[in-house]
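Anchor point for the sequence shown: position 62 equals 62 in full-length UniProt numbering, and the numbering is continuous, going up by one each time.
A few of these clues could be false.
[Stated by the list, open to error] Straight-line alpha carbon distances no greater than 25 Å define the calculated SDA-like cross-link-like pairs of lysine to any residue that follow:
id: 1; residue 1: 203; residue 2: 40
id: 2; residue 1: 11; residue 2: 203
id: 3; residue 1: 203; residue 2: 136
id: 4; residue 1: 204; residue 2: 11
id: 5; residue 1: 174; residue 2: 40
id: 6; residue 1: 40; residue 2: 70
id: 7; residue 1: 204; residue 2: 72
id: 8; residue 1: 40; residue 2: 195
id: 9; residue 1: 174; residue 2: 186
id: 10; residue 1: 174; residue 2: 195
id: 11; residue 1: 203; residue 2: 9
id: 12; residue 1: 174; residue 2: 97
id: 13; residue 1: 204; residue 2: 40
id: 14; residue 1: 174; residue 2: 81
id: 15; residue 1: 204; residue 2: 77
Please keep in mind that the hints were generated in silico from the structure rather than gathered at the bench.
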Amino acid sequence: MATQFHLVEPKHIDGSSFSNSHASTSPSAAILIWRVALFKDQPSTTSIHLPEDILVKALDTLFPQLSTSYPTGPTSEQIRRCVSSPSTYTLFLAIGSKNPFTSTTSVIPPPPEAILGALTLVTLSLLKTSRAHIEDLIVSPDARGMGLGRALMVRALDEAVHIHSCSIVDLTSKPDRIQARKLYESLGFTIRDTGAFRYYAPKK
C-alpha cells in the first residue's frame, strides 16, 4: 500500500492537547492545529486520512497570499518529498471543523476550505547544535483575528525545542509586515543585524 497523508497529534489553538470534552462557545474552539505525516496505515485513533487532492487544493489557495512569487501552491510531489523527511521538515495545518471523532462509523476528512492556515518548520542538526527556521506562515483572510498565527507559531516552537532539541529558531519578516513583527516579538523573537547574505542560483 502506498503511503498516504494523515493529520496527526491534534492540539487546540491554546496549545492544550486535544480532548473531546474540550467545550467552548468560541469559534476558535473548533479549530485544531495538526501535524501532517505520511503513513501506509492509519497510525492511531486520533488521526485523520487527508486525501492528497484536498491538501494540494488547500495549499494552492493559501500560498499565493505569501508572495506574488507564488501564484500557485506546491505540487503533490513537492509536499510528499518534504513531509517524507520528518527529521528536517514539519508541516502544520490549522483546520476548523466539527469534532471529527464523534462518529462511530467513519472519520470524514476536512474539505479544502476548512484548512485555514499553514506553517512550515525546517530543522537542521549541525555539528555543535540544532537549529530551526520557520517558513510559510499563512492564515486565511477569513480566519484572521482568531489567534491562528500565534497558535501555529507556538506549535512550531514547541516542536523545534522539545522534539528536535533546537536551541535557536530563526525566521525572516519584511519591515512592512508590522502586525506579523509584533506577533514574533511577543513570542520572544528579537531582530538581529547579522548582515545576512543570499545567493540566487542562475536560472536554467
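Here is what the structure says about each hint:
Our distance criterion of 25 Å between C-alpha atoms is broken by residue 203 and residue 40, whose separation comes to about 37 Å. For the hint pairing residue 11 with residue 203, the CA-to-CA distance comes to about 41 Å; that exceeds 25 Å, so the pair is violated. A hinted pair counts as satisfied when its Cα atoms are at most 25 Å apart, and residue 203 with residue 136 qualifies at roughly 23 Å. Taking the CA atoms of residue 204 and residue 11, the gap is near 43 Å; set against the 25 Å cutoff, the hint is violated.
Pair hint residue 174 plus residue 40 does not hold up; C-alpha atoms about 40 Å apart against a cutoff of 25 Å. With a CA separation close to 31 Å, the supplied pair residue 40 and residue 70 exceeds the 25 Å bound. Taken as a hint, the residue 204 and residue 72 pair is honoured in the structure, with Cα atoms around 21 Å apart against an allowance of 25 Å. For the hint linking residue 40 to residue 195, the alpha-carbon distance of about 45 Å lies beyond 25 Å, and the restraint is violated.
Using a Cα cut-off of 25 Å, the hinted pair residue 174 and residue 186 holds, with the two alpha carbons roughly 17 Å apart. The suggested pairing of residue 174 with residue 195 holds, with an alpha-carbon distance near 15 Å, which does not exceed 25 Å. The straight-line distance between the Cα atoms of residue 203 and residue 9 is roughly 40 Å, outside the 25 Å bound, and the hint therefore fails. Proximity of residue 174 to residue 97 is assessed by CA-CA distance (about 32 Å); at most 25 Å being required, the pair is judged violated.
For a cut-off of 25 Å, the pair hint linking residue 204 to residue 40 is broken: about 37 Å separates their Cα positions. Among the hinted pairs, residue 174 with residue 81 is inconsistent with the structure: their alpha-carbon atoms are about 28 Å apart, more than 25 Å. For the hint linking residue 204 to residue 77, the alpha-carbon distance of about 21 Å falls within 25 Å, and the restraint holds.
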